[in-house]
Amino acid sequence: MPDLISYLQFVLAPQMLNGLALGVSVILVALGLTIIFGLLDVINMSHGEFYAVGAFGALALSALGFNYWVLIALVPILMIPIGVLTERFLIRRVYDGGDRHVSTLLLTFGLGMIAEDLLKIVFGPNTHRPENPLPGATEVLGVFIPTYRLFLIAIGAVVIVAVALVVYRTRLGAMVRAAAFDRNMAASLGVRVGWVYSGAFAFGVALAGLAGVLLAPIYSVFPTMGHDFILMAFTVVIVGGMGSIWGAVIAGVLLTQIQAISSLVISPVWADPIVFGVMVLVLMFRPQGIFGRIGHA
Amino acid sequence: MLKIDQLHAHYGLAHVLQGVSLTADAGEVIGLFGRNGVGKTTFFKTIAGWLRPTDGSVTLDGETLTGHSPDAMNRAGVAIVPEDRRIFPGLSVEENLVLGLMGRKGGSSKSHLDTVYDRFPRLAERRKQAGNTLSGGEQQMLAMARVMVAEPRVVLIDEPSEGLAPMIVAEVFAIIREMREAGTIVLLVEQNVHEAISLCDRFMVLERGQAILTGEGDDDDDRKRLLDVLAV
Chain A
33 MPDLISYLQF VLAPQMLNGL ALGVSVILVA LGLTIIFGLL DVINMSHGEF YAVGAFGALA
93 LSALGFNYWV LIALVPILMI PIGVLTERFL IRRVYDGGDR HVSTLLLTFG LGMIAEDLLK
153 IVFGPNTHRP ENPLPGATEV LGVFIPTYRL FLIAIGAVVI VAVALVVYRT RLGAMVRAAA
213 FDRNMAASLG VRVGWVYSGA FAFGVALAGL AGVLLAPIYS VFPTMGHDFI LMAFTVVIVG
273 GMGSIWGAVI AGVLLTQIQA ISSLVISPVW ADPIVFGVMV LVLMFRPQGI FGRIGHA
Chain B
321 MLKIDQLHAH YGLAHVLQGV SLTADAGEVI GLFGRNGVGK TTFFKTIAGW LRPTDGSVTL
381 DGETLTGHSP DAMNRAGVAI VPEDRRIFPG LSVEENLVLG LMGRKGGSSK SHLDTVYDRF
441 PRLAERRKQA GNTLSGGEQQ MLAMARVMVA EPRVVLIDEP SEGLAPMIVA EVFAIIREMR
501 EAGTIVLLVE QNVHEAISLC DRFMVLERGQ AILTGEGDDD DDRKRLLDVL AV
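Residue numbers (the working numbering), protein chains in the order written: chain A, 33 to 329; chain B, 321 to 552.
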């Protein structure tokens with residue numbers, strides 16, 4: 033019995049907390065992805081690069097002397113115009129013509145490649161490791177957990193709740209959900225759908241940027257860093273339901289916990305295949321994901 | 321005055337509207353009749369800005385609205401209650417109504433919702449319910465209330481009685497009469513011609529995207545011609 037308690041306390045619990053920190057990180061990236069898909073019906077293949085741009089933006093601004101805590105607010109704000117310009121001048125141009133999914137997918141894929149190469153040109157191909165703003169560990173139930181990971185879980189939860197409140201409890205959120213369901217009807221009630229689309233895209237990009245700032249101290253900063261998270265984020269969005277905020281949250285926690293716990297009993301190299309196996313099963317038996325799409329019942 | 325002049329619209333190569341003209345004064349109800357697929361709904365979609373006209377013009381009180389986006393049409397005072405109601409299923413009754421308030425001139429407040437709830441007590445009872453949980457009749461009431469709350473100058477109502485019980489249809493028609501009394505121009509597409517004609521000041525019959533008959537709603541000869549043309 034004492035062995036079991038020790039296992040739960042010193043092996044399982046820390047592993048699950050690490051999994052939760054990873055889960056919150058993935059959810060932060062997936063939230064923007066799912067909002068953009070749910071509203072605009074655009075599979076944003078450049079989302080990982082927006083995440084990287086956020087991380088590099090924080091790196092560059094901290095070199096200019098900005099405090100890390102200021103960057104958490106500043107970087108997402110700076111990402112907003114990037115999102116608006118991308119939606120207005122690129123996405124919108126191909127949005128109504130021909131096959132929307134293919135054309136926007138190819139466009140954002142190309143945009144991601146350009147962004148990645150620009151980051152390589154400007155910052156070089158090497159890995160940067162920003163200073164951890166909260167070094168050390170905090171004792172939780174007799175186990176020492178890195179303080180920054182605890183902060184990440186807390187701020188991630190705050191961001192998730194804030195996003196959910198905006199989307200489900202405000203008039204702005206009602207406009208977004210209405211436009212996601214039926215853009216013509218929403219517009220005929222006076223909703224400026226073009227602004228809503230730009231705003232939602234920019235919001236998604238800002239969330240990716242915020243994720244970049246928050247995760248940089250843990251996962252390092254390098255031009256291809258978007259690749260690491262985007263696969264997992266897409267998996268979360270598919271399992272949770274394309275365009276569902278709560279789906280992204282639940283799938284994000286669920287999949288990263290599966291990954292964390294399975295790593296305890298089998299080789300960690302099998303953790304990813306298990307997670308992607310869950311995605312395949314969901315696609316086979318419930319292709320719409322756990323939850324429905326934003327704006328839909 | 322609403323003036324629609326020689327309106328043309330296409331779906332790809334299909335020439336769906338072929339020069340339809342119409343005028344309506346404040347407080348008039350104009351019925352648009354015709355079989356399925358003759359262009360009635362397309363006519364509404366073109367006026368509402370959902371479909372760009374390929375020719376012709378739409379003016380309201382002298383202001384040209386041709387080709388405006390749906391939200392610009394809303395701001396100009398043109399509202400639409402579409403055939404399938406298009407209630408947002410993921411939004412509550414109140415959220416649906418709050419979106420309707422966005423088109424209201426001179427600002428909006430929750431007190432405007434109280435007026436709607438007084439008129440539609442059933443919606444007040446269900447204000448927190450999701451749109452898709454309402455019955456067909458309640459959804460129709462919500463669709464009408466959602467545009468009424470903005471006090472538009474023109475309302476396009478497409479097949480409001482479709483699939484509804486006679487008692488609810490009578491209520492829907494009563495609401496249209498209220499709109500007329502408030503000075504709103506109502507363009508009404510309705511398959512239930514016998515009921516609807518009693519409501520209309522004037523009517524127009526469409527066939528293959530063109531007006532083939534116009535008349536007065538209270539003129540017995542015009543009514544007879546209408547019923548002959550529609551063979552009902």
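Derived by calculation from the structure, the hints in this document are not laboratory data.
Even for Gly, the Cβ is constructed at its ideal location relative to N, Cα and C.
Possibly wrong hints are sitting among the right ones.
Partner residues are not named here, just some residues of chain B that face chain A (Cβ under 10 Å, in silico) [to be verified]:
no., residue
1, Gly332
2, Gly369
3, Pro390
4, Ala392
5, Met393
6, Leu411
7, Gly420
8, Met422
9, Arg424
10, Gly426
11, Ala494
12, Ile495
Checked hints:
1. Gly332: With a minimum Cβ separation of about 13 Å from chain A (threshold 10 Å), the hint on B:Gly332 is violated.
2. Gly369: Holds: closest Cβ of chain A sits about 7 Å from B:Gly369, inside 10 Å.
3. Pro390: holds (4 Å)
4. Ala392: holds (9 Å)
5. Met393: Holds. Min distance 7 Å.
6. Leu411: holds (6 Å)
7. Gly420: holds (5 Å)
8. Met422: Since the shortest Cβ distance to chain A is 4 Å, the answer is holds.
9. Arg424: holds (8 Å)
10. Gly426: Since chain A brings no Cβ nearer than about 13 Å to B:Gly426, farther than 10 Å, the hint is violated.
11. Ala494: With a minimum Cβ separation of about 23 Å from chain A (threshold 10 Å), the hint on B:Ala494 is violated.
12. Ile495: violated (18 Å)
Against the hints set out earlier in the document, violations occur for numbers 1, 10, 11, 12.
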